[in-house]
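S.K.: Sequence:
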Amino acid sequence: MKEIPEEIKKAIDDSKIKIVEKSPKLIPYDINFTTPPDEITASNPELLKAFNKQISDDTPKWLNIWFTYTPPTQKLSSKITLKHNVDDVIYGDEFLKSHIMKRSKGMMEGFNYLPDKGIWNIYGKNEAQATIESILTRDLRAWGIYDNGNVIKVRLYILRMMFDISLGNTSPFDTSRPELVAFKNGTYNILTNRVQPHASKDYLLTYHNYSIDPSNNSCPATDHLMKKMFGDASITLQEYIGYMFYHSYSKFNKAVFLHGTGGNGKSTFINHVLKNVIGDDNNSAIPPNEMGSKQNKFNKAELFRKEVNMVADIDDSYIENTAILKNLTGGDSINAEFKGIQGFHFRNYAKLLFSANSLPKFRDDSDGFASRLITIDTINPNTRNEPNGHPEWWNDIDMNAVKKEAPSFAVKCMQLFREVLDRNGFTIPDSVRDSTNKWKDDNNKFKNFVEDCLELTEDDTNGEKAIYIHDQWVKYAKNNGYSDKMSIQTMANKLEKYGIHRKRSRNGYGISDTTNAVSRFMGVRVITDGYD
1 MKEIPEEIKK
11 AIDDSKIKIV
21 EKSPKLIPYD
31 INFTTPPDEI
41 TASNPELLKA
51 FNKQISDDTP
61 KWLNIWFTYT
71 PPTQKLSSKI
81 TLKHNVDDVI
91 YGDEFLKSHI
101 MKRSKGMMEG
111 FNYLPDKGIW
121 NIYGKNEAQA
131 TIESILTRDL
141 RAWGIYDNGN
151 VIKVRLYILR
161 MMFDISLGNT
171 SPFDTSRPEL
181 VAFKNGTYNI
191 LTNRVQPHAS
201 KDYLLTYHNY
211 SIDPSNNSCP
221 ATDHLMKKMF
231 GDASITLQEY
241 IGYMFYHSYS
251 KFNKAVFLHG
261 TGGNGKSTFI
271 NHVLKNVIGD
281 DNNSAIPPNE
291 MGSKQNKFNK
301 AELFRKEVNM
311 VADIDDSYIE
321 NTAILKNLTG
331 GDSINAEFKG
341 IQGFHFRNYA
351 KLLFSANSLP
361 KFRDDSDGFA
371 SRLITIDTIN
381 PNTRNEPNGH
391 PEWWNDIDMN
401 AVKKEAPSFA
411 VKCMQLFREV
421 LDRNGFTIPD
431 SVRDSTNKWK
441 DDNNKFKNFV
451 EDCLELTEDD
461 TNGEKAIYIH
471 DQWVKYAKNN
481 GYSDKMSIQT
491 MANKLEKYGI
501 HRKRSRNGYG
511 ISDTTNAVSR
521 FMGVRVITDG
531 YD
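The UniProt record's numbering numbers the first residue of the sequence shown as 1 and each following residue consecutively.
Because the hints were derived from the structure by calculation, they are not lab data.
Accuracy of the hints is not assured; some may be wrong.
Claimed, not checked - Calculated pairs, EDC-like style, for lysine to aspartate or glutamate (alpha carbon to alpha carbon, straight line, at most 20 angstroms): (1) Lys251 - Asp332; (2) Lys440 - Asp398; (3) Lys83 - Asp116; (4) Lys125 - Asp164; (5) Lys465 - Asp442.
Start from the sequences, fold in the hints, and give me the full structure.
M.R.: See the structure below:
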């Protein structure tokens, strides 16, 4: 029998005791062109085992390759065959280490972490599956072993391992820390005024493609522009822009409307904030009268992952659905759906900022809605280059400098909002308070009814029948195009704010007088018959 050469024996012994680590930088090659062993090596089990171990060191841990030997027979010659196996567990585990991907009960399509940005990406319908299959196909093809069966078994393993039971029914993005903001150079903490390294555990969704320096909040060109355009109200607007970076409505339920004549630069300022400060990917543009409408049932989903919903030059039509505005600014869980994808719940944190030449009307005069509104008037004239315009207004405004100041302006706004958190309220100058109150009063239909149709007689012991005043309200509302839906009890609650109380009494005026005690609003009389 032929002796095994000593050098081959030594190689076999070394392979038994030496653990050979695979190179972390393997160069893919088509394994089908692997040089097979010669007949002597292939026919010897020990030699073949050593040979197979050597060639497997040049492949990834998830790819096992080996040669088998079939001895010759009387009819057939010997055969050396290359075989391979893709280990779905090893491949899948390595895949999920380099591609952090998860699924949860509330987000079955999945989401993946982008380490360079410090944020998570939400997958659309079948996007996770397509991403996995694309990467997997390229890997298998590079090694010459592409096979649909391998793709399916590995993909199924990865999708199953992506599901994170620990997340439960809640979305991790709804419980993330709202004070953390992802920038190019790290994650900024509004509360500590520090930049920290990006981390997947922060579960952030929005990214800003510029770096910031917390020690630099100098933006003189932007300050000058805002002072010329908004006067003393510029501080309120800067605080609200800082609020846009804070990913929650839990502290303040506010929406801002910018108001001023056409052509005075409101849109220019808004576009600057959208593009250079907040970022194109972090905003939506749904007009207030389209939010939550049945005709646009998917638009609520557009607010997901956005820091602001900002629309310039909205019209002055009625805001029919004020409930959705209250819902969006209330920090409540919202049900939404993307077209073709299962509905999901999320907590909206997109701040609402609109601009208008003429402010919209609303029928909701409840305190719950009115308290959410902030109106900021512009103080500059029409700045367009047209008759009666004042294009010279822009002469001392350097928009290039304003754009360059975007990072320091963002820092200033976030630092101002930190002060808002500390004192638990926005800065509201008289100009903002007066403008906001005027808009609320103009839309307080019941207040208009009281002023137009009723006379308050505080010391009078007489009163009008409650049903009579209610009838006058119905007429007034219909004549003015308002909703007349208001119970007598709701009316009683509203009149109490004027010092008018309801009780049973015989003392009345004229047409509403009676000898019987009836429910009356005391100290008030009707002076105009519902505008009839």
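S.K.: May I ask which of the numbered hints given earlier this structure violates, with the numbers listed in increasing order?
M.R.: 2, 3 and 5
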